[in-house]
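*Asks:* These are the residues of each chain, in order.
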Amino acid sequence: MHDKTVTQLAAALKSGEFSSRELTSHFLQRIEQADGNLNSFITVTAEQALKQAEAADQLRAAGNAGTLTGIPLALKDIFCTQGVKTSCGSKMLDNFIAPYNATVVEKLSAAGTISLGKTNMDEFAMGSSNENSYFGAVKNPWDLSAVPGGSSGGSAAAVAAGLVPAAMGTDTGGSIRQPAAFCGITGLKPTYGRVSRYGIIAYASSLDQAGPMARSAEDCAHLLNVIAGHDVRDSTSVARGVPDYTETLNAPLSGLKIGLPKEYFGDGLDPEVEKAVRDAVKVYESLGATVREVSLPHTHYAIPAYYVIAPAEASSNLSRYDGVRFGHRCDAPADLIDLYTRSRAEGFGEEVKRRILIGTHTLSEGFFDAYYTKAQKVRRLIRQDFLDAFEDVDVLMGPASPTPAFDLGAKKDPVSMYLQDIYTIAVNLAGIPGISVPAGFAAGRPVGLQILGTHFAEAQLLNVAHQFQQATDWHLKLPAFAEENA
Amino acid sequence: MALEDSHVRRAAHLARIAVSDDQASSFVDDLSRILDMVDQLQSIDTEGVIPLSHPLDATQRLRADEVTETNQRDNFQRCAPAVEEGLYLVPRVVE
Amino acid sequence: MQWETVIGLEVHVQLATRSKIFSGASTAFGAEPNTQACAVDLGLPGVLPVLNEQAVAMAVQFGLAIHADIPEVSVFDRKNYFYPDLPKGYQTSQMYHPIVGAGEVEITLDDNTTKCIRIHHAHLEEDAGKSLHEDFHGMTGIDLNRAGTPLLEIVSEPDMRNAKEAAAYLKAIHSIVTYLGISDGNMAEGSMRCDVNVSVRPKGQEAFGTRAEIKNVNSFRFVERAIAFEVERQIELIEDGGKVVQETRLFDPERDETRSMRTKEEANDYRYFPCPDLLPVVLDQAYLEHLRSQLPELPADKRARFQTELGLSAYDASVLSASREMAEFFEEVHRVCGDAKQAANWVQGELAGALNRESLSIQNSPISAQQLGGLIGRVLDDTINGKAAKQVFQALWNGQGSSADEVIEAKGLKQVTDTGAIEAMIDQVIAESPAQVAQYRDSEPEKRGKMIGYFVGQVMKASRGTANPQQVNGVLKAKLDALL
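Going down the list, the protein sequences come from chains U, F and B.
For the first sequence, position 180 (counting from the first letter as 1) is numbered 180 according to full-length UniProt numbering, and the numbering increases by one without interruption.
For the second sequence, position 1 (counting from the first letter as 1) is numbered 1 according to full-length UniProt numbering, and the numbering increases by one without interruption.
For the third sequence, position 160 (counting from the first letter as 1) is numbered 160 according to full-length UniProt numbering, and the numbering increases by one without interruption.
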């Protein structure tokens, strides 16, 4: 069962091949057996999952099942889940049992899906390797000495290892697409505002967006159908109709205009990754697409702009963790300032502190204009690059990451880690959607092809990705780990 | 713009994060490198460019003035470190 | 040296919305601690704000009432600082693009002259919770029910020159917001709170002196007292060779002084930046026009109209327009009785006196505007005389009867205007007072006018006060003169 896509499992549940309870038990058993080596879950909610599965089976027996009823999923531990620990990968929230559900969680539950648990992640979604988790690093099922990527590393690793058919992630600067690429799965970051952020623990509010991570683009389409849409609780969610993303998956690609940003194929790009991406582009040409080079001239300013804007927002968003109403509180605070400074010093990890300090500094008096205002202006230029490019082409393609997954512990210097996100970060600044699809291997580790579209072009991205997956089978490859350890 | 120890200490104070002397000097190193990278922004001409706060040019939607929330104090205070008589407790605040 | 005081006020007005500015929790006052603090108010991880349309409408109405610029776009910013009553570690406010731009408020001074105070801007923000310092084993308790209550912060220019002007300004703001119905204006419950910026400068000097900000001055009286103390403190300080430092001070009403708040922290750095969870608020012209069309008549307009249309004195017009309740009461009395001057006299005289004696506000007056108007009407149409009117007023005040007519009927206070009946009473009084009649006859003609008072008194007594005094006077004079 674990090698099947959500689409295949849904069909099997529908035909009665197996029950949701059997399916859920199967995956819970695999988690039990294999996750000790992978560390992809922070919390497994086995009992609750089995109950939900039984309810799903009853719903099906009563003839009330929807497309995804009974499908087991996992949630990045950044989604608030009522009655279940929601840690955000931090010691700060190690004791936080969320008292309410995120809108995405509500929607998935209403669609009849089953949550197996909460997946590991970089603390407060700050990281590109999942090494910043209070709950320990996650390993890449393709090579246990490699990182799974981050910050949605637990979700990516769990799906790749066949511990769960699909999972939810969030993406602030590449946190869905890069781990999807590193783990050889498909991950979609929707347009900013397409999916409600309510109940998703905020990192950088103007950049955060939730999306599906699964084996195939088709699976992502099914899941996006469930989670997309306006939410009255999120002012930044967009009141715009949600199409059926599965309906257009099979539209032919003849005449599709693909742009290859020249800045995405420059220095620092691993030659094997480049080859895999260029081979993938050739597949598209064979499907009738035309390819041209385009330019996104401000690409190299995306990381500098991001490391002003995201930490600035984060420094403010993370002020609520003060040891008063929830979360970690230091022992025996001497006074108020001691309560604050010690609770926060103990509760936050190094990378989170770095970003809070950077954000605090760049927002402070005398620096605000030079950093924050400047970065916001550059942000507009970066968005304009994309809007200009989409005047000429339908989609952009390039690598999701300059290298395949690197080794655990390989990147000690924060800046070298940040530079990993060179191809993903601008997308969040511009708010456009992007998807990473498996496109081969480099040094035995998966390579992700990133496809970008203009705002609200999710249907097109899924169509373009799906057609590639009809023509190739990279997305169906499973790591040996998936068979050996479970 | 060079980052000094005093900047880090001031940021740590504003952000209410206790930082030891050793940590402070390591933060100065890390943050300096990050800000050096960030300083590339200064080389772009942004004359006349309007800052962009939100990726979409959307405007605020307004909510009807209705009471939709009910008392959930017990639920919300279950995750609180210290409460008494329905109040959150903190070390004495001197005005 | 001659000193001049310069005062500017920041007034925080709690808007009378049902729910909070960014959440659906109730804003009702006085609930059990933290029972009205929802997930959004508590700043739980993952929650997001959504703006209350009524808070926006109320802020705009205030802006329209003070003839302010209402910019098309306003933006919410985050003001970052840590305090236990501030759950998110930032207050959502408007720093750079407030919802209400520059405007002006007219104040009335004791001598009935008016002065314009310029408003710099007014912005929307969320209120904080409350710290309770009762002893919880040496801890402070935090109640977040108030967190997220919408506030309109109204920032004046430093246009006031003495404590009386500041108090008059605060009253004017109070009167505008209560007229508009956008706040209950209850200062005791904190619905209106005030920070005062005070500085002094040698008379004639143009540059402002260094100012002190006095926090939380929460009554009209305290504003005057706090300023009086602070001005004296600053002048003394400077005259003794010292310097005023820019600082925040707290007014202590018990000791009647201001004192420096602990400033061991260096100056705050609030790191304002646009709130990424909220989008720019865009108000179109049609929306503004719609709100403008719904504005009630405002105190300054009412005061002017009371003078020009109703012919009231500047003083009467000012007193009667001071609060919406007072103005509405007066206008109803006027509508019922039809005489503005009489209505003004009764409301400010008999009624105000009675309310004062029992410390009642006009909203709680035992006598309604309809009743009072009806009573005045009966005086005007000569049904009762002035003396009887006071009896009717007392009866209505005490709840004896539902209308003036009912009381007049029950007590038989109807004025006797029947000439025959009055003549009969006069004839009898003349017949029973031969000595006085003789005295009248023997008096110098110019002294007779005084003597007639005796006969009038006797006739009124005989009629148990119901005879029309003017009529009695006329007939008596004719009859006595006929005896000469």
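Check before you lean on any hint, since a few could be wrong.
[Said to hold, decoys possible] Restraint-style ranges between C-beta atoms, simulated for each label pair: (1) U:ALA110 <-> B:GLY30: 50 to 60 Å; (2) U:LEU59 <-> B:ASN216: 40 to 50 Å; (3) F:ASP21 <-> U:ALA410: 24 to 34 Å; (4) F:SER25 <-> B:ASN268: 49 to 59 Å; (5) U:ILE337 <-> F:SER25: 18 to 28 Å; (6) F:GLY86 <-> U:ASN250: 55 to 65 Å; (7) B:ALA102 <-> F:ASP21: 41 to 51 Å; (8) F:SER25 <-> U:ALA110: 45 to 55 Å; (9) F:SER25 <-> U:GLY409: 15 to 25 Å; (10) B:GLN363 <-> U:LEU59: 54 to 64 Å.
Don't read these hints as lab results, they were simulated from the structure.
Where is the CB? At the ideal position from N, CA and C, for every residue including glycine.
*Asks:* Quick one: which hint numbers does this structure break? Sort them smallest to largest.
*Replies:* 1, 2 and 4
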